[in-house]
Amino acid sequence: MRPRLPGQQKFLGLRITPLTRRRLQNFRANKRGYWAFWIFTVLFVLSLFAEFIANDKPILISYRGELLMPVFAAYPETKFGGDFETEADYRDPFVAELIEAEGWIAWAPVRYSYNTINYALPVPAPAPPSAENLLGTDDQGRDVVARVIYGFRISVQFGLVLTIFSSFVGVAAGAVQGYFGGWLDLIFQRFMEIWGGMPVLFLLIILASVIEPGFWSLLTLMLLFSWMALVGVVRAEFLRARNFEYVQAARALGVDNITIMFKHLLPNAMVATVTFLPFILNGSITTLTSLDFLGFGLPPGSPSLGELLAQGKANLQAPWLGISGFVVIAFTLTLLVFVGEAIRDAFDPRKTLG
Amino acid sequence: MTEAAPHFLEVEDLSVTFQVEDREILAVRNISFHIDRGETLALVGESGSGKSVTALSVLQLLPYPKASHPTGSIKVEGEEVVGAPEPVLRSIRGNRISMIFQEPTTSLNPLHSIERQINEILFVHRGMEPVAARTQTLELLELVGLQNAEQRLGAYPHQLSGGQRQRVMIAMALANEPDLLIADEPTTALDVTVQAQVLALLRGLQERLGMAILLITHDLGIVRHMADRICVMSEGELVERGETQSVLADPQHDYTRILLAAEPSGQKSTAPDDAPDVMTGSGIKVYFPIKAGVLRRTVDFIRAVDDVNVNVRERHTIGVVGESGSGKTTLGLALLRLIQSEGPIHFDGTLIQGRSYKELRPLRRQMQIVFQDPFASLSPRLSAGQIVEEGLLVHGLGGTFEERREIIGDALREVGLDPDMQDRYPHEFSGGQRQRIAIARAMVLKPRFVVLDEPTSALDRSVQAQIIDLLRDLQVRHNLAYLFISHDLKVVRAMADEIIVMRDGKVVEQGTADEVFDAPQTAYTKALMAAAFDLVADESGAVSV
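These protein sequences, in sequence, are chains X and P. Under this note's numbering, the first residue of the first sequence is numbered 1, with each subsequent residue one higher. Under this note's numbering, the first residue of the second sequence is numbered 1001, with each subsequent residue one higher.
Worth flagging that the hints you see were computed from the coordinates, not collected in a lab. Only a predicted model underlies this, so the values are computations on that prediction, with no experimental measurement involved. All C-beta atoms in this analysis are idealised placements derived from N, C-alpha and C, irrespective of residue type, glycine included. Misleading hints may appear alongside valid ones.
Claimed, not checked - With the C-beta cut set under 7 angstroms, the calculated list includes, among others, these residues of chain P facing chain X: (1) Leu1336; (2) Leu1338; (3) Arg1361; (4) Arg1364; (5) Ile1369; (6) Ser1377; (7) Leu1378; (8) Arg1381; (9) Glu1390; (10) Val1394.
Modelling step: build the complete structure from the supplied sequences, incorporating the hints.
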């Protein structure tokens, strides 16, 4: 164990240098970004538990003194004294009565999942907002609130995963090019110029019609193009830093290339990378949304903000569809831009407090 | 001080504080001095003593409101400057008081021609017409001794050498015929020969224009040549002042004595003559190709190092001297095989030229390098201990974590640092301490050959002397062979057994230190010596401008 030393501070259990502390302070000093970060984090964490917020199955059932959680397990209707061997439809008043006769039901705040169809609509779908469906329903009678919650989750998840993967690929590619330079760099750069010149959305549409779209297949397709975002900055950083005296000193010590890259150069490049991340995340979410909007995105039935927008466009008489989709997307992207600005401030060496 | 004749610049009881996060730092405390027309006042002190801050506050160029003056007044011809409104300041800045900075490269706009940069001042401050301004600019450039001034009007800063750029800076400062020129370390970034020329130029201009000079420097040699009066600053306080001659001859304050004693002195103890060779390079050549045309064919070479023979023996020091761009550092890097070169290089009898990076790794332990800038050569993200530890890890030395910590502690103790400091980060150390860490990083591997690339150039004089003592001491204790690269002949004299004088990649003169210093053979070496030891500018043309 490394002995604990005086004068060092910890943050979330990690050892922090005075530099990191200054960055944290700068981040907090950007009030708008700081709040945006917390609002986004809370919303995202909440959306991870979407099954407990918007679901057509109860969170908890007490039946004959037994506590059941239908979210995690499927119970046949017969368990509650019904007729069918299939899973109980808890929204059926008959089933609900059966259960409440012998116990009680705790519902989620929204009694719809993203694919629950409200058959009891008083008007033809899409139905306008009402006490039952706060933001109305879409043209298949599905609750917009539930779809927006699940849609936000899947958008952010998709964006995060894509951002992480493309950062890994991008940083690695940029690092190798910048560090070794020469022919490798030259060829790779030309390749990227050609690759980057392709009409991405168009290609994605073509590929999406060949490959069956799904979360992971779409992700792989997009990764083919999104990794290039970071290559430029990371390459520039490595190119600049590889001639620093401390890198020369490390070479004189006989340190091997991989170690030099990880220990001495990568920390420099991380500043640019981290600053870029929220914006890449934004870009990823936007790309997914636009594909969904065009109908080439996630498989039919998935809760997706782009699909909601497309419905809004198809049903201009039902403005609650377009407006809900727009507000959620705009809000998410704005929050992320604010966070991005705060991170940029935090890493700006010229920015000092005061 | 009489009311009737106010001094041109009068600074009284001036203090400067900086607000850093939630603390206040007092950078300058209650200093007073004055300058009359036509005289030169030198502000002397080490880095961090507050001399530049004082100079900047005269022009009110500090980052207000983060900086503030709790006490004091600055009067220019009786007119108060502290807190003066912006129009008053503008009429003083660049008009009655001009300033030249240490680094001419960053003080000139790289995208504008020098004519345009000087013209701009004439337009703004003197409202000149373009034609008149051009004539005036040309006159100024001739005044500061820029050769072929007319052809160079359209030149951009990168096309000029460091000395030429500093001349352009001086021309810009003189454009409005200021009454006071503030020169903030005007020659620190320049080669010794150029330094002598720039100083001679400043003296000549002062005589002709009758302006006052506030000279800020850490180099007492310059002060002795330039200043009428001297103010010595230490940690924001003015500790001593008086006529230059009397202060330098009979310093009253301890700090002034330390400064005076800090000139590198003494010579290294003579090394045994029968010492074995450690590093031998014969006919070393480093050529960088110049490529041109669409096909990028190599049309010519920059001969950075051209046919140099070096032989470093145990406990011996070879001093490599020369101006910037002469190929000194390139030679050092070539011997360590950190850049490609031609010509056989033997280390300890083994041929190391042509070996791959991997094959060289076991030998790296025995040949090390210390760089010039202790701020650039230490990774800011590693602690001092981790920096020293890196070499041990690479070569699998030191055993367990505790044992390595012990070894690192010993290495730090050997270079005069507290072993408990190993968990601090580089920015918590002073320049001298950082250079000690860099030396510890090289020494912890117990090398036999060390390239010292200007190890003292970025340091204050008093710290230089300590580092030199340390290096000499380490050499004797560990039988080290040094290749000591420096442009500072005083430092080289204190270190070297043999000297190689380089110019444009070629060896101009090579011999034992005594031979070269006492009886230089070539005109270039003579000019170099005169400039370095006596600050005499070369007139014979042996040194390019």
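Numbers of the earlier hints that this structure fails to satisfy, in rising order: none
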